[in-house]
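*Asks:* Residue strings, one per chain:
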Amino acid sequence: SQQGEEDPQALSIQEGENATMNCSYKTSINNLQWYRQNSGRGLVHLILIRSNEREKHSGRLRVTLDTSKKSSSLLITASRAADTASYFCATHNTGTASKLTFGTGTRLQVTL
Amino acid sequence: DVKVTQSSRYLVKRTGEKVFLECVQDMDHENMFWYRQDPGLGLRLIYFSYDVKMKEKGDIPEGYSVSREKKERFSLILESASTNQTSMYLCAIRRTSGGDIQYFGAGTRLSVL
Numbered sequence: 001s002q003q004g005e006e007d008p009q010a011l012s013i014q015e016g017e018n019a020t021m022n023c024s025y026k027t028s029i030n031n032l033q034w035y036r037q038n039s040g041r042g043l044v045h046l047i048l049i050r051s052n053e054r055e056k057h058s059g060r061l062r063v064t065l066d067t068s069k070k071s072s073s074l075l076i077t078a079s080r081a082a083d084t085a086s087y088f089c090a091t092h093n094t095g096t097a098s099k100l101t102f103g104t105g106t107r108l109q110v111t112l
Numbered sequence: 001d002v003k004v005t006q007s008s009r010y011l012v013k014r015t016g017e018k019v020f021l022e023c024v025q026d027m028d029h030e031n032m033f034w035y036r037q038d039p040g041l042g043l044r045l046i047y048f049s050y051d052v053k054m055k056e057k058g059d060i061p062e063g064y065s066v067s068r069e070k071k072e073r074f075s076l077i078l079e080s081a082s083t084n085q086t087s088m089y090l091c092a093i094r095r096t097s098g099g100d101i102q103y104f105g106a107g108t109r110l111s112v113l
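Taken in order, these protein sequences are the chains called X and A.
With my numbering, letter number 86 in the first sequence gets 86, and the count goes up by one each step, no holes.
With my numbering, letter number 56 in the second sequence gets 56, and the count goes up by one each step, no holes.
Because the hints were derived from the structure by calculation, they are not lab data.
Bear in mind the structure is a predicted one, so any value in this text is a computation, not a measurement.
Be careful, since some hints might not be right.
To be verified - No farther apart than 20 Å at their CA atoms in a straight line, the calculated lysine to aspartate or glutamate pairs in the EDC-like style are these:
1) Lys53/A to Glu79/A
2) Lys26/X to Asp59/A
3) Lys3/A to Asp28/A
4) Lys56/X to Asp100/A
5) Lys55/A to Asp100/A
6) Lys53/A to Asp28/A
Chain X with its partners taken away, still in its complex shape (with noise of 0.2 Å):
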């Protein structure tokens, strides 16, 4: 399967500062979406994007999508030590049903 990549593998911040983590996938989409896992858990949905869309936002995060480029950007703006974690996007790629194709994620440290 095709995955997608995330940018950087791992990133440390200051509580306060922005994270911003990327994501390069290799085909057409329906759907590009990011997910957040904490050390050991399950993951948990934070936003979509479809493809007809360039940017959305939900509260401290925007979401852009450039299709020509094949890539998105995730921002978590003014970031806590809650957000360390690892984040992951995920296409629903062009006639692939229900599936999604996860990236290898990005892991996330905020330090107070």
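Based on these hints, arrange chain A on the given structure of chain X.
*Replies:* Relative to chain X, chain A alone:
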């Protein structure tokens, strides 16, 4: 809220044992998924099910089988566990409304010795 329950958080088994991982949902969702998660590889789809008694192979089905006899329960079976199946296993369901969002269980960390 959607609730997805995996029967065990941690499991230790021996090579060659038959292992059952259970996943139960509390709503009437058709689509259920089993993933394994390994460091540096992200989530990889093992099997998924569209409905009762229906299943499809994902990207890495070798060494696994599944069972879905009732809508709320989706079981992952390791017929003869091997050490390379030591991993984190995640079950998920998909809501048909809301654009393909998946809801995950807490995961089962399986160690095969």
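*Asks:* Decide, hint by hint, whether the structure agrees.
*Replies:* Results for each hint:
| no. | hint | verdict |
| --- | --- | --- |
| 1 | Lys53/A to Glu79/A | holds, 18 Å |
| 2 | Lys26/X to Asp59/A | holds, 16 Å |
| 3 | Lys3/A to Asp28/A | holds, 11 Å |
| 4 | Lys56/X to Asp100/A | holds, 17 Å |
| 5 | Lys55/A to Asp100/A | holds, 18 Å |
| 6 | Lys53/A to Asp28/A | holds, 15 Å |
Going down the numbered hints, you'll see the structure goes against none, and every one checks out.
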